[in-house]
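Participant: Can you build the whole structure from these sequences, using the hints too?
Spelled out, the chains give:
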Amino acid sequence: MMNKIILLADDDWDDTEMFCEALADIDENIICHCAENGDVALKMLKDHDKIPGIIFLDLNMPVMNGWECLKEIKQDERYKDIPVIMISTSSHKNDMETAASLGALCYFVKPNTFKDLKQVLELITSNLENGLKEALPHLEKNKYLHVFL
Amino acid sequence: MELINNLELFQTVFNSAPNGIAVLKSLYTSENKVDDFSILLLNTYITNWIDDEDYKGKRFSKVFSKTKETNILEQFIETAETGITTNFEEWYGDETVKHCFRFTVVKQDEVLVVTMEDITEKKEAETALNNALPDAEKQKRLYNSIINSTPDLVYVFDLDYKFTYANKALLTMWGKTADDSIGRRLIENGYEDWHAEMHEREIDTVVAEKRSIRGTVSFPHAELGRRIYDYIFVPVFNEKGEVELVAGTTRDITESKQAEEKLQQSENRFRKMIHQTPAPTLVLKGDDLVIEQINKHMLQMIGRGQEIIGMRVIDVLPELEGQYVWEQVLKVYNEGIPFDQSEVLVPHNRTGELKNYYYNLAYRPLIEDGQITGMIQVAVEVTQQVVARQKMEESESRFRALVNASSDLVYRMDADWMIMQDLEGDGHLDNQKERGVNWLDKFIHASDLQMAVHLISKSIVDKSIFEMEHRVINDDDSLRWVFSRVVPILDDHNNIIEWFGASSDITSQKELQNVIAESEERFRQLADLVPQIIWTANSEGFVDYYNSRWYEYTGFDEHEFGDSSWISKLHADDAYLVSKTWYESVHAGLPYQLEFRLRNAKTGEYRWFLSKALPIKDKEGVITNWFGTCTDIHEQKSITEKLEILVADRTKELQRSNDDLQQFAHVASHDLKEPVRKIKTFLSRLEDHMEGQFDEPSSRYIDRIHVAADRMFNMIDGVLAYSKTNADLQKATIVDLNEVIKNIETDLEIALQQANGKIYFEKLPILEGAAVLLYQLFYNLINNSIKFAQENIPPQIKITATEKIENDSKIAIITVEDNGIGFDFDQTTRIFETFTRLNSKDRYEGTGLGLSLCKKIAERHGGSITATGTVNKGATFVITLPFEQKIKDI
Chain W
-8 MMNKIILLAD DDWDDTEMFC EALADIDENI ICHCAENGDV ALKMLKDHDK IPGIIFLDLN
52 MPVMNGWECL KEIKQDERYK DIPVIMISTS SHKNDMETAA SLGALCYFVK PNTFKDLKQV
112 LELITSNLEN GLKEALPHLE KNKYLHVFL
Chain A
1042 MELINNLELF QTVFNSAPNG IAVLKSLYTS ENKVDDFSIL LLNTYITNWI DDEDYKGKRF
1102 SKVFSKTKET NILEQFIETA ETGITTNFEE WYGDETVKHC FRFTVVKQDE VLVVTMEDIT
1162 EKKEAETALN NALPDAEKQK RLYNSIINST PDLVYVFDLD YKFTYANKAL LTMWGKTADD
1222 SIGRRLIENG YEDWHAEMHE REIDTVVAEK RSIRGTVSFP HAELGRRIYD YIFVPVFNEK
1282 GEVELVAGTT RDITESKQAE EKLQQSENRF RKMIHQTPAP TLVLKGDDLV IEQINKHMLQ
1342 MIGRGQEIIG MRVIDVLPEL EGQYVWEQVL KVYNEGIPFD QSEVLVPHNR TGELKNYYYN
1402 LAYRPLIEDG QITGMIQVAV EVTQQVVARQ KMEESESRFR ALVNASSDLV YRMDADWMIM
1462 QDLEGDGHLD NQKERGVNWL DKFIHASDLQ MAVHLISKSI VDKSIFEMEH RVINDDDSLR
1522 WVFSRVVPIL DDHNNIIEWF GASSDITSQK ELQNVIAESE ERFRQLADLV PQIIWTANSE
1582 GFVDYYNSRW YEYTGFDEHE FGDSSWISKL HADDAYLVSK TWYESVHAGL PYQLEFRLRN
1642 AKTGEYRWFL SKALPIKDKE GVITNWFGTC TDIHEQKSIT EKLEILVADR TKELQRSNDD
1702 LQQFAHVASH DLKEPVRKIK TFLSRLEDHM EGQFDEPSSR YIDRIHVAAD RMFNMIDGVL
1762 AYSKTNADLQ KATIVDLNEV IKNIETDLEI ALQQANGKIY FEKLPILEGA AVLLYQLFYN
1822 LINNSIKFAQ ENIPPQIKIT ATEKIENDSK IAIITVEDNG IGFDFDQTTR IFETFTRLNS
1882 KDRYEGTGLG LSLCKKIAER HGGSITATGT VNKGATFVIT LPFEQKIKDI
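Top line first, the protein sequences correspond to chains W and A. Every letter in the first sequence is one number past the one before it in the numbering used here, and letter 58, counting from 1, is 49. Start counting at 1 in the second sequence, then tack on 1041, and there's your number in the numbering used here.
Since the hints were made in silico from the structure, they are not lab data. Keep in mind that a hint or two might mislead.
[Stated by the list, open to error] The calculated DSS-like cross-link candidates involving lysine-lysine, where the alpha carbons are at most 25 Å apart (straight line), are:
#, chain 1, residue 1, chain 2, residue 2
1, A, Lys1719, W, Lys84
2, W, Lys84, A, Lys1929
3, W, Lys84, W, Lys62
4, A, Lys1714, W, Lys106
5, W, Lys84, A, Lys1772
[Unchecked claim] Restraint ranges, calculated between C-beta atoms of paired labels, are given here:
#, chain 1, residue 1, chain 2, residue 2, range
6, A, Ile1775, W, Ile42, 46 to 56 Å
7, W, Ala15, A, Ala1792, 50 to 60 Å
8, A, Ile1775, W, Ala15, 52 to 62 Å
9, W, Ile42, A, Arg1726, 25 to 35 Å
10, W, Asp16, A, Gln1795, 29 to 39 Å
[Claimed, not checked] So the derived list for chain W, only partly shown, Cβ under 7 Å to chain A, looks like this:
#, residue
11, Asp5
12, Thr80
13, Ser81
14, Phe105
For glycine and all other residues, C-beta sits at the position ideal for the given N, C-alpha and C.
Facilitator: Written out as structure tokens, the structure is:
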């Protein structure tokens, strides 16, 4: 069945709240697990039986930041195939390169408005059943998303 | 009578007569004397003769004209007159043919009948016989006299072995007369049985085989005693070809036989002598100079065997051809002049290869009967002596040369150094008068005497070589330095027989040495004055001198030299490098310079020294030694070191602070932006939430909050960008400014569209620079131009470029001109200051960083930027950038 579990790692409570609200608006069935940092996110992965369909990682997190977490995920047999999307407040070329090199699926900049956030998330979640990779070309249309293929 | 009556018959008889018959009739003269005849009749015989048929009645003298020269006619006349029958012979004919006739003339009545008989042959035979007889007689006489005068024996045997003839010599030998001996046999004539027997057998052989026999025999001569005879028997043949007699001759060959024997004997003796003599001897005979005799010593000497006897000597020793010695051989043979010479060089092939041999040679011609028939050669080999002597001469001359080259004087002394004799050299020991001089007295200067005596005694005792440099007083009382070397000569029992000495004048060397020593001393004194360490090394790099500074500093022993004397004083870290560098310099012949630490002996500390060395070369440019200094640079070094450390530290700090700053900027921008973002986000949520419920002032207030937040964002971005460009080093690449402007055009497409602006540019240069930074620079300028456009006037931006040469480098000058609002003249410099805005914040958004960034970028490229403006007309920015970046990091 469709995997409607999303794992989010972000240390900003406001952002997390908004994220979940947006998700809820899009689809009530989507379960969003929220972790404060990469370390907690990994623990959550282990604790929960179900593998999330997608993982969102914020870059700047205490304890374990997005890069480290991404590395860990990609090294783990169980999770390396889960699509990972990096999120950040800024888009630096370096960061995008790093994200690509570490195996993230795409990278997006946190939109300034709630509306835009919802739009992005909708795009992503609606393609969860199709297999995100195949849907990515469509996602590129969105100005916030930077997709790596 | 019948015959006469028958005329025909008579005619036939008449004409067939073998003789000539003529019937003549006398013709009378006036005196009635007969002087001619008329021919009545001639028989055929005569008519054939005269070849004239028509003779009848002709005069006789006419027909036989040739009788004129004869007295035939006279005879006829006589008979005609006297009537007496005459017989006479007469020759008749012409020059070529003469016949002798016998005429018979008969008178018959009045007619003369002449009969002529051709007796030519008979006459001739008679004549011959008559001639022969005396000839035969003559010959006989001659024969007899020869036979009897010859000393040889001549005799004839008949078949009964009897002597039929014996000449005088034979008779004399027998001591008999002819009567006693002729008709007798050999034995009867005194021959011994065996002798007679032999001869008789021989006679038989001659008779039987019809050939001669030769032999030799001895016989007692009656007068001369026993003689040796050589005889020959020859057969005498009769008409039938049978042997009827045996004739013989015998010659007394006693003398010649004796002579032969003597010769044989002497030859034998000669031969024996040749073979017994120890000297290699050779006898050559004949014009070909054939080897007739050769003794074994000579054979050995030429390395051949007996087979060469009979060969021409030149065939045996072809290598002699053309040599001096062969000339002499020929001379001896041809002229008979004896040849003697010692130590003649004769290269010849004795052992299979041509070698040089020396001989004492004696050649003598052999004269037989006054003629040179050959020659005898005696050769004694003296090769070894000659070679030895030559070697000795060579070594002597070498010795002499050596002596002359090396010493001024060579002399001999007796075992006690008492007597001196000059051997060679230019003899300072002049004259033989000086003999018997004590070496010491003669030679040694008083001051050196003691030393000399000491050394001499030592030499005498040790039987060792005496060597000494010493002074000698010249005749003019001047001093000179001499080096004397005397060698003891020992006999078989190791006792000293005599001494050989050689001396050389070394005055000039000594003087030179002194000069050098003095100059060295001065050098040393000088060297010890200076505060630096001075040292010298030989061409191999072996340090052989230090001034006193060195010893003071290192505390080393004064007699230490070479590697061990300095390497150990270096700081452990420096030692390897220093010795390596030093020896590399030595081998390359290049000046040496290095800094290293040396241990101060007193304080134990290591101080820094600067060591320099230069090679000293001779006239040919060959390095003879090295001259070096060591200067204490410790203070400077420490300072420099400290400085370097300081700088390094500072740089590190700077770098660190730079990094920190970078990091800070990055984080700061992120963290600063975060709350701003939140503001905006929540503001938007609020707006969504309160959709339509805000009154106008509220909406306005919210808008203002958005604007402020946006400003915040831009500011933060600007600061971040500014700080980044400051920090990061960009690599210089080739940047095509045309491309850069094209990219900016694309990136500012929307803005340009909105403002209806246009950028004009052409032929911008391609130069070395940081692409990102240059992009930023021009982006800022163009962006400004668009931003600061005049109201309702679409911004026109013109970018042009030129170039100039400044200090050997090419500089590009790019002009960016717009038609915007421009600025005041006195703001020209201010606009490039950070955070400086010429306009109020609200009217034209901007961080105030743009132009200062441009300036920074231009300066980082080693260029510059200046601006001119006219208010409400436009602004012009002039950027200079070098084409080439010397340092590839900007």
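Participant: Against each hint, give a clear statement of whether it holds in the structure.
Facilitator: Now for the hints, and whether the structure bears them out:
no. : hint                              : result
1   : A/Lys1719 <-> W/Lys84             : holds, 23 Å
2   : W/Lys84 <-> A/Lys1929             : holds, 24 Å
3   : W/Lys84 <-> W/Lys62               : holds, 19 Å
4   : A/Lys1714 <-> W/Lys106            : holds, 20 Å
5   : W/Lys84 <-> A/Lys1772             : holds, 18 Å
6   : A/Ile1775 <-> W/Ile42: 46 to 56 Å : holds, 51 Å
7   : W/Ala15 <-> A/Ala1792: 50 to 60 Å : violated, 39 Å
8   : A/Ile1775 <-> W/Ala15: 52 to 62 Å : holds, 55 Å
9   : W/Ile42 <-> A/Arg1726: 25 to 35 Å : holds, 32 Å
10  : W/Asp16 <-> A/Gln1795: 29 to 39 Å : holds, 34 Å
11  : Asp5                              : holds, 6 Å
12  : Thr80                             : holds, 6 Å
13  : Ser81                             : holds, 6 Å
14  : Phe105                            : holds, 5 Å
Hint 7 alone, counting from the list given before, is not met by this structure.
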